[in-house]
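Protein chains in written order, with this note's numbering: chain A, 4 to 310; chain B, 4 to 310.
These aren't lab readings, by the way, just hints derived from the structure by calculation.
Among these hints, one or two may not hold up.
Intra- or inter-copy, both count: the list cannot distinguish identical chains.
As the list claims (entries may be wrong) - Within a straight-line C-alpha distance of at most 20 Å, the following computed EDC-like cross-link-like pairs (lysine to aspartate or glutamate) qualify:
1) Lys-281 x Glu-50
2) Lys-281 x Asp-162
3) Lys-19 x Asp-283
4) Lys-19 x Asp-42
5) Lys-281 x Glu-164
6) Lys-281 x Asp-258
7) Lys-19 x Asp-100
8) Lys-19 x Asp-97
9) Lys-281 x Glu-214
10) Lys-281 x Asp-81
11) Lys-19 x Glu-50
12) Lys-19 x Asp-33
Model, not experiment: these values are computed from the prediction.
Chain residues, written in single-letter form:
Protein chains: 2
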Amino acid sequence: MRSPTTAIGIDIGGTKTAVALVNDAGTVLDRHSFPTEADLGFPRAVERLIGTIHQIRAASLTRGTTIGIGIGCAGPVDPRLGLINNPFTLPGWDRCDIVSPLRNAFGLPVVLENDADAAAMGECWVGAGRGCDPVVMLTFGTGVGGAIIHQGRIQRGVDGEHPELGHLVVRPDGPECYCGTRGCLESIASGTAIALAGAASGFASTRAVFEASTAGDPRASAIVQQAVDAVATAAWTLFHTLLPQRLILGGGIMDTEYPRFAAVARHLDPATQFTRGKVDLARATLGNDAGLLGAARLAWLAATREP
Amino acid sequence: MRSPTTAIGIDIGGTKTAVALVNDAGTVLDRHSFPTEADLGFPRAVERLIGTIHQIRAASLTRGTTIGIGIGCAGPVDPRLGLINNPFTLPGWDRCDIVSPLRNAFGLPVVLENDADAAAMGECWVGAGRGCDPVVMLTFGTGVGGAIIHQGRIQRGVDGEHPELGHLVVRPDGPECYCGTRGCLESIASGTAIALAGAASGFASTRAVFEASTAGDPRASAIVQQAVDAVATAAWTLFHTLLPQRLILGGGIMDTEYPRFAAVARHLDPATQFTRGKVDLARATLGNDAGLLGAARLAWLAATREP
Chain A
4 MRSPTTAIGI
14 DIGGTKTAVA
24 LVNDAGTVLD
34 RHSFPTEADL
44 GFPRAVERLI
54 GTIHQIRAAS
64 LTRGTTIGIG
74 IGCAGPVDPR
84 LGLINNPFTL
94 PGWDRCDIVS
104 PLRNAFGLPV
114 VLENDADAAA
124 MGECWVGAGR
134 GCDPVVMLTF
144 GTGVGGAIIH
154 QGRIQRGVDG
164 EHPELGHLVV
174 RPDGPECYCG
184 TRGCLESIAS
194 GTAIALAGAA
204 SGFASTRAVF
214 EASTAGDPRA
224 SAIVQQAVDA
234 VATAAWTLFH
244 TLLPQRLILG
254 GGIMDTEYPR
264 FAAVARHLDP
274 ATQFTRGKVD
284 LARATLGNDA
294 GLLGAARLAW
304 LAATREP
Chain B
4 MRSPTTAIGI
14 DIGGTKTAVA
24 LVNDAGTVLD
34 RHSFPTEADL
44 GFPRAVERLI
54 GTIHQIRAAS
64 LTRGTTIGIG
74 IGCAGPVDPR
84 LGLINNPFTL
94 PGWDRCDIVS
104 PLRNAFGLPV
114 VLENDADAAA
124 MGECWVGAGR
134 GCDPVVMLTF
144 GTGVGGAIIH
154 QGRIQRGVDG
164 EHPELGHLVV
174 RPDGPECYCG
184 TRGCLESIAS
194 GTAIALAGAA
204 SGFASTRAVF
214 EASTAGDPRA
224 SAIVQQAVDA
234 VATAAWTLFH
244 TLLPQRLILG
254 GGIMDTEYPR
264 FAAVARHLDP
274 ATQFTRGKVD
284 LARATLGNDA
294 GLLGAARLAW
304 LAATREP
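Looking at chain A on its own, in the form it has when it is part of the complex (with noise of 0.2 Å):
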C-alpha cells in the first residue's frame, strides 16, 4: 500500500494555533493545537510551530511525503513577502516572515494567506463549496470577513490586497463603523454590532440578543431583523457583482443562527430578474477546520502549479 502524499495546514488566530497533517482527499489525519500567545514574542511562536510540526511529522507513518506547508492566519497578511502584519489580534508581530523559517526548516514551500481566504479555500475543496464556482464565503464572528474563490483561486484586487467584504454598504444611514463609513455589513450584523446595540436595550451579549428574539422580545427581534435585513441586502449586492454559484456563510453566528438568515435570503432568489435559478445560499460545513484544511489544499496549489 503506497503512502498517501499529505500536506500541513496551520491555522493561526489570536488564541489558539492549529497544526494538521492533512492527506490529498481533505482528511486530517493527525493534529495539534496550543495556545497563540502572541505576546510571548514571535521566535518563540515559530519555535512552538517548527516542534510540532516536526512532532506530526515523526508521529506519521507518511514523512518523507510531505509537498508542502499551508497557513491562514488572522489577517492582516502579506502572501506574496510571506509577512504577518496583525497588530490587532497579534500584538508584536508587525512585518513577522513566518514563511522563511519553515521553508528553511523543513526545505518544503511554504504559503500564507489570510484566514478568511483560507477557510474559503477548505469550503471550495471538501465543504459546502465543493463543486461550485465562483464561491463567496462570508464568516461572521467578532467581525465579518470574506472571501471570494473564482475557478479555483483565491481573488485579489490591486496589489493582492484582499477585499474586504464585510465593508460592503447595506444601508448608508446605518451605524459608523471604523472602516470609515456607515451602514457597512459589519457594522449591523457582526458579533460586535449585535451586542453593542443589545446593550442599549441591556441584553449582556450577542448570543443574549439572539435568544431574547427567539424568546419573542420586541427590542431583541427588531436587532436581529436588522442583522438579517443586512445579510439579504449584502447577499443580493454579491449575487448581482460576482455572481457567485454559492454563497456561503459561515462563523459562530451562522453554526446556530443559520436558519433566520437562510430564510430571507431565500426570497431573494424568485425575486430577481438576473441570477435567478443560478445562484443560492449553503451554511459552511467545516466549522472551524476550514481554514486548516484550506491552507493545506493551498500547500498542494503552491507545490504543484504555478502561482
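Start from chain A and add chain B according to the hints.
Below, chain B alone, put in the same frame as chain A:
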C-alpha cells in the same frame, strides 16, 4: 514597411451598428456605421455587416493580415454559443447566432461579448484603464451597466454570466427596480431614474434636471444629490469587494456630469481604513469608441491565446 496586423471591431447597439478596422496599437484605421434596424430582421443585419466588413477590408492596404473579428453587442448575449438574446433593444433577435455566419464568410475567429464588457476592454487597452488591474467600469446611460476586467480578462460569474453591477443595492429604502429589489444603483442614478424623479417635479428630461440643479433649483438639486450619493455608496462597495486599481465612470451622463460625481467620490479615499491610496476613480476617455476598440482587442486575445 510591414503591413500592420489588424482586427475588425464591431459595436452593435439598438440604434446604430459601427464597424472598424483597428491596428494593434488601438488606432481606428477605417470605420463605417449604419442603422441597426433590428426590426427589419436578423438575416438582413448579418448581410449588411458582412458587406461592410468586405468593404472596409477591400479599402484597406492591410487586407490579408486581419487576425479576427470581435463583436460587442447590447446584451444579453451568450459569448460561449455566440448568440444574441436581446428582446429589449434588438427585438426579434432572440437566440440569433451572429458568430457562425461571420466566421464562415471570412474564415476568421469571431468572438461575441456584451457591449459593457467590450467597452471596459477598450478602456483598459487604450483608455482610462490602461495599465491598471483590476478595473471596474460603470456606464451611466438609460440604465447602469458595468464590467470587471481582472488580469486582462473579462470577469464572469456562474455559468459565464455577466455581472449586473447596476443592480447592487445602495439604499434599501430606495425606489423599486425591475431587477426585483429596491434602491439599486440603477434605480437612483440611471438616466431613466433621474428623468422619472424629475418628471414628478415638472422637469422634461434627465438633462433638464442637471441643468436646473446647476441653476440652483432645490428640487433638481435633491434628485442630483441622491444620484451622486448613490454612486459614492456604490463606489465604496466596489472598492471593498473588488478593490479595483481604477473605477471608471462612463456613459452619456458622465460625459457632462462627471465632476459632480467625482467630487463626492473623492471624499471616500481619505475616509477608508482599507483601500486608502490604492484605488481611484477616473472618467472614461474613449466615448463611443470604447466598444469598437474593446471588440477589436477581444479578437486579438481570442486569436493569440486560449480563452
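Evaluated hints:
{"no.": "1", "hint": "Lys-281 x Glu-50", "verdict": "neither (48 Å within a copy, 35 Å between copies)"}
{"no.": "2", "hint": "Lys-281 x Asp-162", "verdict": "between (31 Å within a copy, 8 Å between copies)"}
{"no.": "3", "hint": "Lys-19 x Asp-283", "verdict": "neither (32 Å within a copy, 38 Å between copies)"}
{"no.": "4", "hint": "Lys-19 x Asp-42", "verdict": "within (13 Å within a copy, 66 Å between copies)"}
{"no.": "5", "hint": "Lys-281 x Glu-164", "verdict": "between (28 Å within a copy, 9 Å between copies)"}
{"no.": "6", "hint": "Lys-281 x Asp-258", "verdict": "neither (25 Å within a copy, 35 Å between copies)"}
{"no.": "7", "hint": "Lys-19 x Asp-100", "verdict": "within (19 Å within a copy, 57 Å between copies)"}
{"no.": "8", "hint": "Lys-19 x Asp-97", "verdict": "within (18 Å within a copy, 57 Å between copies)"}
{"no.": "9", "hint": "Lys-281 x Glu-214", "verdict": "neither (34 Å within a copy, 42 Å between copies)"}
{"no.": "10", "hint": "Lys-281 x Asp-81", "verdict": "between (34 Å within a copy, 15 Å between copies)"}
{"no.": "11", "hint": "Lys-19 x Glu-50", "verdict": "within (15 Å within a copy, 68 Å between copies)"}
{"no.": "12", "hint": "Lys-19 x Asp-33", "verdict": "within (17 Å within a copy, 65 Å between copies)"}
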